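Colleague: For reference, the chains in residue letters:
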Amino acid sequence: MMDWLNILLDPNAQWILFGSMLLGLSSGVIGSFAYLRKQSLMGDALSHAALPGVCIAFMLSGSKSIFLFLLGAAVAGVIATFGIGYITRNTRIKQDSALAIILTVFFGLGIVLLTQIQHSGNGNQSGLDKFLFGQAASMMLSDVVIMAVISIVLVSICSLLFKEFKLLSFDPGFARGIGYPVAFMDQLIMFLIVVAVVVGIQAVGVVLMSALLITPAVSARYWTEKLGLMVVLSGLFGALSGLIGTFISASGNNLPTGPLTVLVATGIFVISVIAAPRRGVLSKLLLRSSVRNQMRREQSGPQMERREKAV
Amino acid sequence: MSTFWIILTGALVASTCSIVGCFLVLRKMAMIGDAISHAVLPGIVIAFLLSGSRDSLFMLLGAAGIGLITVFLIQLFHQSGVQSDASIGVVFTALFAVGVVLISMYTRHIDLDLDCVLYGEIAYVPWNTIHVGGVDIGPKAVWGVGLAFLLCATVIALFYKQFKICSFDPAMAAAVGIPVALFHYLLMGLVSVSTVASFESVGAILVVGMLVVPPATAYLLTEKLSRMIVYSVLIGCASSVIGYYVASVLDASIAGSMISVAGILFLIALLFSPTHGVIVRKLKQRKMIQKQADAAAA
Chain A
1 MMDWLNILLD
11 PNAQWILFGS
21 MLLGLSSGVI
31 GSFAYLRKQS
41 LMGDALSHAA
51 LPGVCIAFML
61 SGSKSIFLFL
71 LGAAVAGVIA
81 TFGIGYITRN
91 TRIKQDSALA
101 IILTVFFGLG
111 IVLLTQIQHS
121 GNGNQSGLDK
131 FLFGQAASMM
141 LSDVVIMAVI
151 SIVLVSICSL
161 LFKEFKLLSF
171 DPGFARGIGY
181 PVAFMDQLIM
191 FLIVVAVVVG
201 IQAVGVVLMS
211 ALLITPAVSA
221 RYWTEKLGLM
231 VVLSGLFGAL
241 SGLIGTFISA
251 SGNNLPTGPL
261 TVLVATGIFV
271 ISVIAAPRRG
281 VLSKLLLRSS
291 VRNQMRREQS
301 GPQMERREKA
311 V
Chain B
1 MSTFWIILTG
11 ALVASTCSIV
21 GCFLVLRKMA
31 MIGDAISHAV
41 LPGIVIAFLL
51 SGSRDSLFML
61 LGAAGIGLIT
71 VFLIQLFHQS
81 GVQSDASIGV
91 VFTALFAVGV
101 VLISMYTRHI
111 DLDLDCVLYG
121 EIAYVPWNTI
131 HVGGVDIGPK
141 AVWGVGLAFL
151 LCATVIALFY
161 KQFKICSFDP
171 AMAAAVGIPV
181 ALFHYLLMGL
191 VSVSTVASFE
201 SVGAILVVGM
211 LVVPPATAYL
221 LTEKLSRMIV
231 YSVLIGCASS
241 VIGYYVASVL
251 DASIAGSMIS
261 VAGILFLIAL
271 LFSPTHGVIV
281 RKLKQRKMIQ
291 KQADAAAA
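In order, the protein sequence lines correspond to chains A and B. Be aware that the first sequence starts at 1, since it is given in this note's numbering, and climbs by one per residue. Be aware that the second sequence starts at 1, since it is given in this note's numbering, and climbs by one per residue.
The hints are simulated quantities; they were obtained by calculation from the structure and are not laboratory data. Remember, it's a predicted structure, so these values are computed and weren't measured experimentally. Fair warning: there could be bad hints in the mix.
Below 30 Å or equal to it, Euclidean Cα-Cα: the simulated DSBU-like pairs (lysine-lysine) are [what the hints assert, rightly or not]:
no.: 1; chain 1: B; residue 1: K28; chain 2: B; residue 2: K284
no.: 2; chain 1: A; residue 1: K94; chain 2: A; residue 2: K284
no.: 3; chain 1: A; residue 1: K94; chain 2: B; residue 2: K284
no.: 4; chain 1: B; residue 1: K28; chain 2: B; residue 2: K224
no.: 5; chain 1: A; residue 1: K166; chain 2: A; residue 2: K284
no.: 6; chain 1: A; residue 1: K226; chain 2: A; residue 2: K166
no.: 7; chain 1: B; residue 1: K28; chain 2: B; residue 2: K282
no.: 8; chain 1: A; residue 1: K38; chain 2: B; residue 2: K164
no.: 9; chain 1: A; residue 1: K94; chain 2: A; residue 2: K38
no.: 10; chain 1: A; residue 1: K284; chain 2: A; residue 2: K226
no.: 11; chain 1: B; residue 1: K28; chain 2: A; residue 2: K166
no.: 12; chain 1: B; residue 1: K224; chain 2: A; residue 2: K94
no.: 13; chain 1: B; residue 1: K161; chain 2: B; residue 2: K28
no.: 14; chain 1: A; residue 1: K94; chain 2: B; residue 2: K282
no.: 15; chain 1: B; residue 1: K224; chain 2: B; residue 2: K161
no.: 16; chain 1: A; residue 1: K163; chain 2: A; residue 2: K38
no.: 17; chain 1: B; residue 1: K140; chain 2: A; residue 2: K94
no.: 18; chain 1: A; residue 1: K38; chain 2: B; residue 2: K284
no.: 19; chain 1: A; residue 1: K38; chain 2: B; residue 2: K28
no.: 20; chain 1: B; residue 1: K140; chain 2: B; residue 2: K224
no.: 21; chain 1: A; residue 1: K64; chain 2: B; residue 2: K284
no.: 22; chain 1: A; residue 1: K64; chain 2: A; residue 2: K163
no.: 23; chain 1: B; residue 1: K287; chain 2: B; residue 2: K224
no.: 24; chain 1: B; residue 1: K164; chain 2: B; residue 2: K28
no.: 25; chain 1: A; residue 1: K64; chain 2: A; residue 2: K166
no.: 26; chain 1: B; residue 1: K28; chain 2: A; residue 2: K226
no.: 27; chain 1: B; residue 1: K161; chain 2: A; residue 2: K94
Sample of chain B residues with no beta-carbon within 10 Å of chain A, all distances over it, derived [claimed, not checked]:
no.: 28; residue: I7
no.: 29; residue: L57
no.: 30; residue: F77
no.: 31; residue: A173
no.: 32; residue: V212
no.: 33; residue: S260
We treat Cβ as the ideally placed atom computed from N, Cα and C, and that holds for glycine.
Same shape as in the complex, but just chain B (with noise of 0.2 Å):
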């Protein structure tokens, strides 16, 4: 049983998470997943501070919360002529040192264990369940991450055509009249609701990993967006499992493996995908060259 509900939160996660780095992927934003992660740090540890229990939805809305001021400052920095890249280097970093700065103040009554914050335990998700009236309805994780699947099926696909037109043409969808910032900041609460509510049960590596590779890897397969939403879902669903037996095989960090095999996925993408594949391409090069030593021999 415990072995179904890992690989079901990780699939959950893969899911979430890739939905949304589609849009990451496209926009040329793939590190605000890695920087809202670290930058929550000090979110969790408030959160902890203020409500003194480690109860998941303090720690949720606290994460959530920075991980908004987290984006808000990095488009502030970058507006006032700040290269995007360094913005965000700029902002995640001063977060996350106000994080452990925090957690080495208070370490002594702190019993938040950054090992645990950084790689998660996918391994323990089974164990910390939820009971309604007695009854045991399943990890508290798989609820958690579920519904923030849900969330984020639900507004992608009720404004799916105005975030596409917000990726590929900015300046056309503010010429139709679809209000841009608006549906970027609905994008980052999102990728921060996401990221907050998988990291706890998985990690930030998970996370990050889910919220790009996958997505990277179906972009290599299709030219549709529909399309490579769906192959990135599937992409991060069979990382996990794949994932998981590899871990229980090596005797390793489940998170840790998943994130490894969907990286073995994109390179198999990378140089076997049958329009952008690396080796692909070289034949097809070959057999041109090949066809024009002919055409002109004859």
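So that you can see chain A by itself, here it is in the shape it has in the complex (with noise of 0.2 Å):
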């Protein structure tokens, strides 16, 4: 308890908290409108695409700044989801196969580049590969305010744009029956997705970051069917996967935050999968069973009458 007081007293600590919270909110609510659209792995291809971009911003400018990194991968995201739209649209090959060939080889290219950082001797490369992993507890306030401000640019597109977004998860054709830009706003909705990933490599991680893209999307849907639900719902879950992740780290034990902050998101999923209202396994084993009993009761009526008659 004590542990937690000091948390909630020390601003670095603080910092690390918002942060985090910031991160979960922003990536649960684009996550949702990824996850409807089918494109919940998209996360996870872009945030190994933007290695090659780090590594090239790394390259011309000589410098860690974070703001060129961020640039760098946002650049290389960009061109991914391009790449991945350009082959499913003008080959057979299915979106997934596009996804994994360009995670894949992006991330092949950012190794052979990494490398070459690494064999060139450049004394001041020795802090790329935590950029990959990511390590919250080194954030520092400035990431913090720009986290901030990305993440309020993002929720506030996301409410602005509802309307059309929600249209374009569900009817993309009737969208553009009625004249909505449908392929601008697809691409909309890809670059929320890549900025988001891009401001969370660094504190979680190239792989982590496509669970908070993901999970809490998924345990949402589980909880309702009215899309602006789900989307606060995801929101609210990844903001409490950062704030409950967060403090388990801190509070001891020499833990990464971003794998801590993941599995507090797998146990809100695991916890919907099982307890939510309809479509968890709880509900439906009631359901199940009730409608067993309710069967049960009509046959044993016309089953006792004729057995009396047969006596």
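Join the two chains into one complex using the hints; note that each chain is given alone, in its own frame.
Modeller: Spelled out as structure tokens, the structure:
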């Protein structure tokens, strides 16, 4: 209990806490749209595809500036989404293969560049892999400010364009029919995912960033049938995961924040799978047994009559 | 000599992965390879903690076990109504997180390099050799991946027809009495084995890449499954040979170069494939329009 109090009083920990919550919130919100558009793994692909961008940014600038890294990652991410879209539109290769191709080829290129940087003997390169695996504990005030600004922009775009995104997610054909700029909005959603990924990479790392986009959204889907509520819930679940993950990580044990946040999100997912009303395992079991009871009651009625007649 | 072993390992990984990968690409399960290769991390760590050694047999068993659990969980959530891509994402990220937490919990007395697991270091393959009765019989990786290759090739060859029907028309496969679920798990077992066997020597990146990129390239070049498999094995081998030399010229990561070369080959097929190439189809379209215009003029 004392640990928790200390965390709340320590300004550094407060920033980490704030940052993780914002990250969870914004990735939860944009993740819901990714989930409905069957693009959950886009985050995974983009977070790997960011690597060459980060490396090139470092090679060009020679400095470990977070801003340049983010810029490089964002450029690489946009090129990657374009590549995925191009492959799926122009060939018979399906989206999942296109994702996997872009993911591995970009990451492979990134590794080549990374080894180039390492072999070039630039003493400044040691932080690059930290950037990839994520170090929430090393978050600084300036990082949190960047995250806060980006999260606010992201969430407000999503709420301003909520109606449009909703239509696009459920019926893109109709949206095109009534004159929405569908291609532009497709790219916009992709771009927002890129932004969320890029912001998240340095906090939780390449691999785990995709979890923050997927898991809260899937959990939220279990609780509701309404998109508005789902987006809100998903954001809440994300923020809650960030909060609890940071708390556990900060209360000692030397455990990294990113994986813990992901595990908390998974915990929420498991609870949702079991306990959600209507779609959860428990309520399905209850429903099934009540139906079975009812059937037994209805069946046993006529059977008894028949038996009486036979006697 | 070491050049030979490295290229041989690369080619064996490429062949093993591309045989299995063809079916993954056709069945729209390309991301399964990525998922398995990340999700086996806790399996490797747990096997390492239990056995206390870096003996690859234990790690292989642990990883293959977790690989099958991954596939099972993905299937379970998918059947209970989660979209397949999301269910893949939830499962593998969670397992990967467990792996990272385990590593950092035991980080003081664990000698398991995360970089090595993820990136792999194919350059060290020739130095890790097996000795039988005092005689050096070649690198361990070559034997491991070679066995996986033989296993995959044999199983696929034996049940080629069944796998083919299951990939193209699962409903028909079920109708003619093929146990679809059994073949699904058999295929996933092969994916696990080839992922894990290749993984230790070359890293996740090369495995995932070789599972998808050569088969997708071959998919653009042919209409026949048997040819697609042959082409993708050839493309995979070509990527590993060219990739090796590119890496030695650039002094860069060998696995990374092999994948980059595979990516370039894919790009070439994407643009210039005689049947599905973007540029070729554009040219054909233009010719057709020209012909129509001529016909209209005449």
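Colleague: Now look at each hint and say whether the structure bears it out.
Modeller: Against the structure, the hints:
Distance check on the hinted pair: K28/B and K284/B sit about 29 Å apart at the alpha-carbon level, within 30 Å; holds. Restraint check for K94/A and K284/A: not satisfied, since their Cα atoms lie roughly 34 Å apart, outside the 30 Å limit. Between K94/A and K284/B the CA atoms are separated by roughly 23 Å; this keeps the pair inside 30 Å, and the hint holds. A C-alpha spacing of about 17 Å is found between K28/B and K224/B, which places the hinted pair at or below 30 Å, so the restraint holds.
Distance check on the hinted pair: K166/A and K284/A sit about 28 Å apart at the alpha-carbon level, within 30 Å; holds. Proposed proximity of K226/A and K166/A is supported: the alpha carbons are some 10 Å apart, at most 30 Å. In summary, the hint linking K28/B to K282/B is supported, as the alpha carbons are separated by about 27 Å, within the 30 Å threshold. Note on K38/A and K164/B: the hinted pairing holds, with a Cα-Cα distance of about 26 Å set against a maximum of 30 Å.
Distance check on the hinted pair: K94/A and K38/A sit about 12 Å apart at the alpha-carbon level, within 30 Å; holds. For the given pair, K284/A sits about 20 Å from K226/A by alpha-carbon distance, which is consistent with the 30 Å threshold. With a CA separation close to 26 Å, the supplied pair K28/B and K166/A stays within the 30 Å bound. For the suggested pair K224/B and K94/A, the alpha carbons sit about 18 Å apart, so the restraint of at most 30 Å is met.
Only pairs whose Cα atoms come within 30 Å are accepted, and K161/B paired with K28/B is accepted, the gap being roughly 19 Å. Note on K94/A and K282/B: the hinted pairing holds, with a Cα-Cα distance of about 20 Å set against a maximum of 30 Å. Annotation: proposed proximity of K224/B to K161/B holds, straight-line Cα distance about 13 Å (limit 30 Å). For the suggested pair K163/A and K38/A, the alpha carbons sit about 19 Å apart, so the restraint of at most 30 Å is met.
For a cut-off of 30 Å, the pair hint linking K140/B to K94/A is broken: about 36 Å separates their Cα positions. Restraint check for K38/A and K284/B: not satisfied, since their Cα atoms lie roughly 33 Å apart, outside the 30 Å limit. With a C-alpha separation of about 13 Å, the suggested pairing of K38/A with K28/B holds against the 30 Å cut-off. Our distance criterion of 30 Å between C-alpha atoms is broken by K140/B and K224/B, whose separation comes to about 35 Å.
The suggested pairing of K64/A with K284/B is violated, with an alpha-carbon distance near 49 Å, which exceeds 30 Å. Note on K64/A and K163/A: the hinted pairing is violated, with a Cα-Cα distance of about 40 Å set against a maximum of 30 Å. A threshold of 30 Å between alpha carbons decides the hint, and for K287/B with K224/B the separation of about 27 Å falls inside it, so the pair holds. Annotation: proposed proximity of K164/B to K28/B holds, straight-line Cα distance about 14 Å (limit 30 Å).
Taking the CA atoms of K64/A and K166/A, the gap is near 39 Å; set against the 30 Å cutoff, the hint is violated. Simply put, K28/B and K226/A have alpha-carbon atoms about 29 Å apart, close enough for the 30 Å limit, and the pair holds. The straight-line distance between the Cα atoms of K161/B and K94/A is roughly 23 Å, inside the 30 Å bound, and the hint therefore holds. Against chain A, the non-interface label of I7/B holds: every CB pair exceeds 10 Å, the least being about 17 Å.
At roughly 27 Å, the least C-beta separation between L57/B and chain A is larger than 10 Å, which holds for a residue marked as non-interface. Interface exclusion of F77/B from chain A breaks down, the closest Cβ pair being 7 Å apart, not more than 10 Å. For A173/B, the shortest C-beta to C-beta distance to chain A comes to about 20 Å, beyond the 10 Å cut-off, and the non-interface label holds. The Cβ of V212/B does not lie farther than 10 Å from every Cβ of chain A; its closest approach is about 4 Å, which violates its non-interface assignment.
With a closest Cβ-Cβ approach of about 5 Å to chain A, S260/B is found to fall inside the 10 Å limit, against its non-interface label.
Going through the hint list in order, the structure does not satisfy hints 2, 17, 18, 20, 21, 22, 25, 30, 32, 33.
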